[in-house]
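Visitor: Here is what each chain is made of, one letter per residue.
Number of protein chains: 4
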Amino acid sequence: MPGNAFGELFRVATFGESHGPALGAVVEGCPPGLSLDAADIQRDLDRRRPGQSRYTTQRREADEVEILSGVFEGETTGTPIGLLIRNTDQRSKDYSEIKDKFRPGHADYTYWKKYGRRDYRGGGRASARETAMRVAAGAIARKFLSDRLGVTVRACLEAMGEVRLERRDWSAVHDNAFFSPDPERVPELEAALNAVRKEGDSIGAQIYVEALGLPAGLGEPVFDRLEADWARALMGINAVKGVAVGDGFDVVSQRGSVHGDEMDATGFLSNHAGGVLGGISTGQPLTARVAIKPTSSIQVPRRSLDVHGNEVEVVTKGRHDPCVGIRAVPIVEAMTTLTLMDHFLRDRAQNGERGDG
Amino acid sequence: MPGNAFGELFRVATFGESHGPALGAVVEGCPPGLSLDAADIQRDLDRRRPGQSRYTTQRREADEVEILSGVFEGETTGTPIGLLIRNTDQRSKDYSEIKDKFRPGHADYTYWKKYGRRDYRGGGRASARETAMRVAAGAIARKFLSDRLGVTVRACLEAMGEVRLERRDWSAVHDNAFFSPDPERVPELEAALNAVRKEGDSIGAQIYVEALGLPAGLGEPVFDRLEADWARALMGINAVKGVAVGDGFDVVSQRGSVHGDEMDATGFLSNHAGGVLGGISTGQPLTARVAIKPTSSIQVPRRSLDVHGNEVEVVTKGRHDPCVGIRAVPIVEAMTTLTLMDHFLRDRAQNGERGDG
Amino acid sequence: MPGNAFGELFRVATFGESHGPALGAVVEGCPPGLSLDAADIQRDLDRRRPGQSRYTTQRREADEVEILSGVFEGETTGTPIGLLIRNTDQRSKDYSEIKDKFRPGHADYTYWKKYGRRDYRGGGRASARETAMRVAAGAIARKFLSDRLGVTVRACLEAMGEVRLERRDWSAVHDNAFFSPDPERVPELEAALNAVRKEGDSIGAQIYVEALGLPAGLGEPVFDRLEADWARALMGINAVKGVAVGDGFDVVSQRGSVHGDEMDATGFLSNHAGGVLGGISTGQPLTARVAIKPTSSIQVPRRSLDVHGNEVEVVTKGRHDPCVGIRAVPIVEAMTTLTLMDHFLRDRAQNGERGDG
Amino acid sequence: MPGNAFGELFRVATFGESHGPALGAVVEGCPPGLSLDAADIQRDLDRRRPGQSRYTTQRREADEVEILSGVFEGETTGTPIGLLIRNTDQRSKDYSEIKDKFRPGHADYTYWKKYGRRDYRGGGRASARETAMRVAAGAIARKFLSDRLGVTVRACLEAMGEVRLERRDWSAVHDNAFFSPDPERVPELEAALNAVRKEGDSIGAQIYVEALGLPAGLGEPVFDRLEADWARALMGINAVKGVAVGDGFDVVSQRGSVHGDEMDATGFLSNHAGGVLGGISTGQPLTARVAIKPTSSIQVPRRSLDVHGNEVEVVTKGRHDPCVGIRAVPIVEAMTTLTLMDHFLRDRAQNGERGDG
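Residue numbers (my numbering), protein chains in the order written: chain U, 1 to 357; chain B, 358 to 714; chain X, 715 to 1071; chain W, 1072 to 1428.
Chain U with its partners taken away, still in its complex shape (with noise of 0.2 Å):
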């Protein structure tokens, strides 16, 4: 399949460039009967809408969401969900300096590679504006995961540069510009952020996700396991370059007798596997970072290359986010959701009789 569709029986396909007339997504396999109206769905997109704040890029979008077909009389009805935001803020502006160059750290060299030819206009669909829908359609699945089984997935910023969070304030995250879970800290955010701007550069980031009150079970053995399935979910989120489940990392260094999780009569005594052992969901939390790597798009001056093959200078002029990791907190988020949605279906296909029994 053509790589613009996520999930097996959860599915959603997205379509839309940056400055294209507009974004849209259909959400298949949607249980019918679950209340949904297109403010559930808003309340997520405005999160993760720019122009919030000073740290993010101006553009300013009002993302407004409109649902077009598979509910009714306030229920999903069991067909397909059809999701449509018009792009609004898509000026006119003149894309000559950069149509035929190719910026460094962005897909310009590589979709004109694969496709012969690209949308330059602000990226077009390699923007990170196409992970709107993603937030739109995570959204369903948050309110079905919800609702139904009681699951809540959330996600902060954990590093961003040389800035550690380690403090972790659930409360905090949203009232702040920086998804902080440590709301201290955010003065010194400010500041190492105001300094990378002034330099014209830019920052990477770490998020930190976790899901909470889902069942033991979740996840096919083998290829699809649940790990898997969210590292190529996570990793899929433009410019994640790493993902970690667990202990992550820290496993290469730990000895067995630290980190097998041990069991006694009142459950896990840890969690160091992260939540799944074998592919399948312990029913403990499920945790894990990715590294999300500095904006692209800097005001330092670059060597790079032309479509003609000659050598040229990139600069890249306006305001961009000098971190877009924090904006990806929500991506992350729906980009879970969308994982254990998909997951919770499949094992409901293969397994449903054994919550019959």
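There could be a bad hint or two in this list.
Derived, one-sided and incomplete: chain B residues facing chain X with beta-carbon distance under 10 Å [said to hold, decoys possible]:
1. F367
2. E523
3. V664
4. R703
5. Q707
Hint data in this document are derived by calculation from the structure and do not stem from the laboratory. Note that beta-carbon positions come from the ideal geometry of N, C-alpha and C, so glycine has one too.
Given the coordinates of chain U, work out where chains B, X and W should sit on it, guided by the hints.
Guide: What follows is chains B, X and W alone, placed relative to chain U:
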């Protein structure tokens, strides 16, 4: 789909439990006309086989693969290739000791929760033995990619516990039991592993993998990015807890002016991206690392439950690899190869005309 | 997968209910560089549109399609093509009459049993209106197959009730409201249809379809035979009850010495097979027929139940096509085209090298 | 996907050529806890086996199936079930006669065009022998559907050449070599077949199939309608040229007032629909018919080409079934069963909660 198949167009479906009659696979989508015989596959299988050194499990299996279909007069025909390996060393040993116990770090508990039962003999389907078929299928893909495209995929140990290997002498990798690219540090690895074993404990590892000679243009944007599918492939290997592409988690503290790979008329000037931008290969080497947890079967007593909910103590008897990570090297190669093969075919489907132009 | 998408590599996911805000589709996998604009799609849509003659339903929809993505500077880019048609004629008419009743021959009862609810306005997702998006997506595939491979797909009415059309003048098909290839018998069709309508009843039809110019070699043997996937595509059209390839049901009483198509140096000497052997195209014209049941909405009173289990009488008011089969002609073409397009890409993935030789 | 697998959630991937070492299959997605042993499968295989009467090919194969995985202590475990049948009667006979010739009506020519080569021994992958694995996999699905849902799938011969069987005595079907439901007309079938054979010719057949006890609600609307997937399954059987559901092609001349099945408090009053409306099962018996072309291997000389483009004459020596349609009966049952099993799981995934309410 139920999870035991990998790939969209070069599709490998595997079956078999550790102590059942056999392991097998169906490999679909191999282009016709590839010269292939069992020896081509056996070569890779032999590198994965346990019982070859004192550092790996002493189970001795011939692991002799039989090609059951899809090859005629020495060449692939385009029809599915059936592969079979009989299990020969599944002694009828007494499993009553662990039959009802959930071994910490193993999939015993999760299979039980998912399926309400499990084949407890040697881990059943969750055994590392299952990976033999991945290596067998990978050998077919490797031959195609090598013969037709000149692609090389290779992996090596990069760290084991506290020992980090920096030198990378590829010619040495297959001359030592650790797949170490630094032959001089093999004694150090031996000493470290012996110490761990003496304590009845185990240790984690890190594997480095790269693919050379890949054309630009492979990978499907958005959800099926090359690195996303690769991450899924790697995270789907038993015991893997982390996957990092290119600079991986180092990007968290990198500046954009460092990370973004520049180009001049000679091509790319660095490879922080690890050979992939926007989900599509750049033509530079693909690079990744995986973190592998310490072996779960250890002789240190651990607390756990049995299937009746009773608290029990688990001690693994018999000899086990104190570092499963070592044996993962050929599997990491196989899963990388299968990912690339699949994406080669997927790209050819949509962009076949590019090559004709 | 949940059933609202068609194709493996040229993949069309559709959404939308008859009386919801819009219909839409995502078309993935279209090769880049195909010249395309909305008019290319509109042409086929206009042929499917109701309200064009007194023999079809009088709902009047502009059915104006908008391309939302995937096309840039007049050519496809390789990214998904989003398509949208706003519903403009979904009058807020009173559905209280049929809201709770299961109309015989309709999907009312089965949607209710499956989903526990349904959008009763105009048939919701089960409405023939849904097929507009198949035609729109088919138009893109048609353009590719025509421009790049010289393939022509065309269909016509072959029977309506007792009227069987034997002459096949393709130039006449689009000049009459019946898609009749025999223009001289149009008055006879008119008379027959008027008679049926006068009785408030409806009648079935048979459509003939063929594809010319197809290369040999398309189709995947065993389960995904070209004719198998084609049969699925055709049987998936509303109201279709039978599909026959080549000589179809006539083979039951044929001799092998009649059926098997002979060849000499000039090629095949007959085409009883209908252009496909062993699931793979022979290079001869592909030929098939479909049987379409009479319109279920009729003015003859019928016994049925309501959602509460009460016995009710159902009479459909308003004007409906007395023969839905007529309007199926462009949809049969579209589904045939989508099948061929998908198999062209699938073949190219595995056998791309054949073309290079 | 490359075409040798069937089903989304109950997924069967098959391999094996007529004269290769073995046939095999991987059956994924079978729910755990189903009681299963090789005898359950062997029973259905024995009904398909050739060499049982003088009316079928004289190849004698034990067709002994081995379960290689996925069953433990007499029950399915939820992991893939590997199945194997060794070919034992593939005599090293001389194929030089037909090695380079394209036999009319066979897939020789199309495999050659698609793959540039073919396993010419006994038809290779295109042989009817391949269907053994469909029957084996179907037997597992049959057991599940029967044990858990009380579903019965059964097929019989309905016509052979000019002989049309109208009586339907199911108890007689397995007591005669023709799967005839009218035991009194077996002598007539024998006479007809002997006449055909005497001429060295062959004849077509029609099979009727039905599924009883199916719940309402199975089937995914739009593209994956139950009848669409079923049509694909049936049209994917070797030699099938037509598929008709319910009243099939009779609907062409039916009135809507006849076709639409009415209901009263006792349920449906007729079953013209064949148990499916809008792609979803009604709970009535599912009914279909398939048309099967005459055997292509005949002793009547036929004109054809060889791989070098030379004109040749082809005469099939040896004994072949003069009517392959007869042996298709168990395969039609198997493909029907596999379709239903898959849709049962697909429905359960999305609508699992329905059952819980």
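Visitor: Next step is simple, just say for each hint if it's right about the structure.
Guide: Verification of the supplied hints:
Because the closest C-beta pair between F367/B and chain X is about 9 Å apart, less than 10 Å, the hint holds. Because the smallest distance between the Cβ of E523/B and any Cβ of chain X comes to about 41 Å, over 10 Å, the interface hint for this residue is violated. A hinted interface residue such as V664/B counts as satisfied when its beta carbon comes closer than 10 Å to some beta carbon of chain X; here the least separation is about 35 Å, so the hint is violated. Here the hint on R703/B is kept, as its CB sits about 7 Å from the closest CB of chain X, short of 10 Å.
For Q707/B, the shortest C-beta to C-beta distance to chain X is roughly 6 Å, which falls under 10 Å, so the interface hint holds.
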